[in-house]
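K.L.:
Take these sequences, add in the hints, and give me the full structure.
Okay, here's what each chain looks like letter by letter:
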Amino acid sequence: MTLARAFVLAAALFLLSPAEVRCEGISINGFVQGNYSLGTAGSNPDGGDFKWAEERVQLKFEASKEPLRLFIKTDAFHDWIDEDFETELREGFVEYVAGKWDVRAGRQIITWGLGDLIFINDIFPKDYEAFFSGRPIEYFKKGIDGVKLGLYPTFASFELVAVPFFEPNNFPKPERFHMFDPMPQITNREKSEPATSLENTEIAVRAYRDIAGYDASIYFYRGFFRQPSAIPDDLLAPSRLSLVFPELNVYGASLQGRAIGGVISLEGGYYDFREDREGDDPFTPNSQTRFLVGYQRQMRQDFTVGLQYYGEYMHDYSEYSDNLLPEFPKERRLRDLVTVRLTQLLRHQTLRLSFFSFYSLSDGDYMLNPEVKYNFTDNVWAAVGGNIFGGNGRATQFGQLDENDNVYVQVRYEF
Amino acid sequence: MRKFLLFLALILLPLEAYALSGEEVMKKSQAAFFYPGKDFKARIIMELVSKGGQERIREMTMLRMNLGEPGGNQKYFIYFFQPADVKDMTFMVYKYKGRDSDRWLFVPAINMVRRIAAQDKRSSFVGSDFSYEDVSGRNLEDDTYALVKEEKVGGRDCYVVKSTPKSGDVEYSYKLSWVDKGNYLPLKEEYYDKKGELYKVFTADEVRDVEGFPTVTKRTMKNVQSGHRTEVAYIKSDYNIGIEDSLFSERFMKQPTKRWIE
Chain A
1 MTLARAFVLA AALFLLSPAE VRCEGISING FVQGNYSLGT AGSNPDGGDF
51 KWAEERVQLK FEASKEPLRL FIKTDAFHDW IDEDFETELR EGFVEYVAGK
101 WDVRAGRQII TWGLGDLIFI NDIFPKDYEA FFSGRPIEYF KKGIDGVKLG
151 LYPTFASFEL VAVPFFEPNN FPKPERFHMF DPMPQITNRE KSEPATSLEN
201 TEIAVRAYRD IAGYDASIYF YRGFFRQPSA IPDDLLAPSR LSLVFPELNV
251 YGASLQGRAI GGVISLEGGY YDFREDREGD DPFTPNSQTR FLVGYQRQMR
301 QDFTVGLQYY GEYMHDYSEY SDNLLPEFPK ERRLRDLVTV RLTQLLRHQT
351 LRLSFFSFYS LSDGDYMLNP EVKYNFTDNV WAAVGGNIFG GNGRATQFGQ
401 LDENDNVYVQ VRYEF
Chain B
1 MRKFLLFLAL ILLPLEAYAL SGEEVMKKSQ AAFFYPGKDF KARIIMELVS
51 KGGQERIREM TMLRMNLGEP GGNQKYFIYF FQPADVKDMT FMVYKYKGRD
101 SDRWLFVPAI NMVRRIAAQD KRSSFVGSDF SYEDVSGRNL EDDTYALVKE
151 EKVGGRDCYV VKSTPKSGDV EYSYKLSWVD KGNYLPLKEE YYDKKGELYK
201 VFTADEVRDV EGFPTVTKRT MKNVQSGHRT EVAYIKSDYN IGIEDSLFSE
251 RFMKQPTKRW IE
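If you read the sequences in order, they're chains A and B.
Position 228 of the first sequence, counted from 1, bears residue number 228 in this note's numbering, the numbering being contiguous throughout.
Position 13 of the second sequence, counted from 1, bears residue number 13 in this note's numbering, the numbering being contiguous throughout.
By construction, these hints were calculated from the structure, which means they are not laboratory data.
A couple of the hints might just be wrong.
Stated by the list, open to error - Quick list of in silico lysine-lysine cross-link-like pairs, BS3-like style, CA-CA up to 30 Å:
no. : chain 1 : residue 1 : chain 2 : residue 2
1   : A       : LYS100    : B       : LYS38
2   : B       : LYS236    : B       : LYS51
3   : A       : LYS100    : B       : LYS254
4   : A       : LYS373    : B       : LYS51
5   : A       : LYS65     : B       : LYS87
6   : B       : LYS87     : A       : LYS142
7   : B       : LYS51     : B       : LYS162
8   : B       : LYS254    : A       : LYS373
9   : B       : LYS258    : A       : LYS142
10  : B       : LYS38     : B       : LYS236
11  : A       : LYS142    : B       : LYS254
12  : B       : LYS258    : A       : LYS65
Computed from a predicted model, the values in this text were never measured in an experiment.
P.N.:
Structure, rendered in structure tokens:
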């Protein structure tokens with residue numbers, strides 16, 4: 001409620017000021033947006049037709065007096081599906097910038113790694129509901145509430161992140177999305193997020209520098225997997241499921257640079273699930289090696305192609321197989337997929353035609369996302385696109401979303 | 001001996017008039033247009049005007065640093081103020097002599113710096129009629145040159161040089177440049193397409209002395225075939241401000257210091 005009040009105040013402040021305020025290092029910008037996504041493969045599980053339907057206002061407030069900077073990005077929206085009005089603090093932090101170091105404290109969005117919609121060393125929270133519902137891509141990322149310290153000695157740069165407040169990934173709601181559920185009869189479910197404590201504080205470190213013209217990074221993460229595991233209270237007669245977030249360490253590296261007429265990206269990470277190092281616990285994921293090879297090339301003026309190959313290799317596979325419960329579909333040792341991105345800009349880069357697809361070689365499922373975006377003026381743009389899911393399996397990542405195809409529209413006025 | 005001295009005098013005297021080849025003119029022009037100073041900063045307003053008169057504005061600050069002699073490697077940094085959907089976006093280029101540039105883009109909405117593929121130097125810069133090469137210069141080795149004639153442009157004596165790309169992967173067949181004999185700035189350039197028809201015209205609309213360096217502070221690139229044009233104004237320019245190499249970094253792309261970009 002206090003946030004809502006702050007928002008109304010900020011909105012009033014904005015309306016009373018000229019379109020662009022830039023006095024003494026203060027600026028206010030933002031947008032008004034409509035975003036609607038209609039299911040095209042049948043109704044939602046709760047009978048509704050829309051995956052998303054909202055109007056949204058965002059205000060970005062920035063005040064700086066070097067070496068200090070305050071940044072607040074806050075949204076207010078009206079959701080037609082749940083019929084409510086809410087506010088959301090997207091980012092809000094203070095930053096101190098010194099010559100060789102800086103620190104940023106508060107809610108902030110951090111993006112690491114090289115993947116295009118594939119994340120290995122970007123262990124920060126994601127919003128898959130936003131991604132599958134046709135929301136603007138920035139809503140795929142969620143902020144963390146923590147502190148980031150940057151250190152910039154001459155030999156390399158470092159980012160050290162501490163996150164005391166755990167934030168899980170957001171997945172589509174079962175009321176709006178048809179999804180695979182291995183134990184649909186058990187409706188008593190309890191999510192238990194890691195408590196806020198010194199011991200549970202997540203730590204993420206990135207060190208990066210240039211090596212012979214390539215951008216090289218190494219990463220470390222100690223925290224929790226943001227996708228919960230479901231643990232039944234009783235194996236023989238389960239009546240309740242606890243959704244817990246497994247302890248996770250990630251060790252990774254990436255390299256990106258110019259090669260064979262384009263940009264090559266290489267990234268890898270070892271996912272060490274600390275509670276199941278033997279691989280025999282059926283309720284905790286086994287440790288994995290995740291890897292990515294990407295290639296991006298400009299084929300001609302304003303036409304770019306991006307290709308990626310991504311794999312997840314499960315360690316201790318025989319232990320996994322031996323202990324798997326019959327309700328759960330068996331995963332493969334190697335799950336791999338390819339992505340294709342085509343982008344064509346037209347009319348002085350005001351019209352963008354794009355196509356993105358995931359296709360899993362191991363699971364035979366896919367997601368296709370064609371989109372047309374046009375900037376009517378410098379302030380108004382609209383995008384129309386579709387999300388199409390399919391595949392053979394009912395339990396695979398995209399195959400289970402088969403009945404959730406949707407077309408979406410995004411219209412935004414920016415100021 | 002006297003004959004020799006006479007001969008010497010003959011070849012030395014008309015130095016100004018005859019000694020420059022087309023290539024030498026373009027080399028001096030490149031140094032004057034793309035390389036003056038050790039570094040350079042400009043606040044730039046770009047107006048993209050369609051045939052129907054619709055205007056779009058791109059406002060940015062550009063920083064440039066030379067890493068060696070004119071014609072050599074450079075680093076560029078661009079911060080966008082306008083339009084609203086690209087505000088706070090930054091763009092960085094490491095330009096190398098004789099090979100493809102490295103380019104990076106910072107997307108503020110997701111706080112990510114990523115490399116972008118940059119093979120086509122003739123690609124439009126931010127949708128304007130200027131290509132990346134028109135902004136940061138073209139390698140001299142990529143063209144052959146011929147000094148065609150001398151002619152006045154706006155009362156200034158100019159060399160007229162024809163530059164023909166050596167390889168066919170460029171969208172024009174040749175370019176004519178009117179290069180000011182006094183300061184070697186290009187005052188006008190005409191691009192001819194593969195059919196030999198005029199299609200793009202560059203004009204230097206205002207030349208000013210900025211801290212001792214003649215600088216094109218207003219320029220236009222017009223596509224005469226489509227009717228679309230881009231007008232560029234440098235509303236503030238400075239040379240030799242002591243830009244440090246560390247500014248051309250991921251850190252600075254994500255959080256550019258106000259005093260360097262405003």
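K.L.:
Taking the hints in turn, state whether each one holds.
P.N.:
Hint check:
1. LYS100/A x LYS38/B: 24 Å, holds
2. LYS236/B x LYS51/B: Since the Cα atoms of LYS236/B and LYS51/B sit roughly 28 Å apart, the hinted pair holds (cutoff 30 Å).
3. LYS100/A x LYS254/B: Given that 30 Å is the threshold and the Cα spacing comes to 15 Å, the pair holds.
4. LYS373/A x LYS51/B: 22 Å, holds
5. LYS65/A x LYS87/B: Status holds; Cα separation ~19 Å.
6. LYS87/B x LYS142/A: 20 Å, holds
7. LYS51/B x LYS162/B: Since the Cα atoms of LYS51/B and LYS162/B sit roughly 28 Å apart, the hinted pair holds (cutoff 30 Å).
8. LYS254/B x LYS373/A: 26 Å, holds
9. LYS258/B x LYS142/A: 27 Å, holds
10. LYS38/B x LYS236/B: 17 Å, holds
11. LYS142/A x LYS254/B: Measuring from Cα to Cα gives roughly 18 Å; hence the hint holds.
12. LYS258/B x LYS65/A: Distance ~9 Å between LYS258/B and LYS65/A Cα, so the pair holds.
Taken one by one, the earlier hints all hold for this structure without exception.
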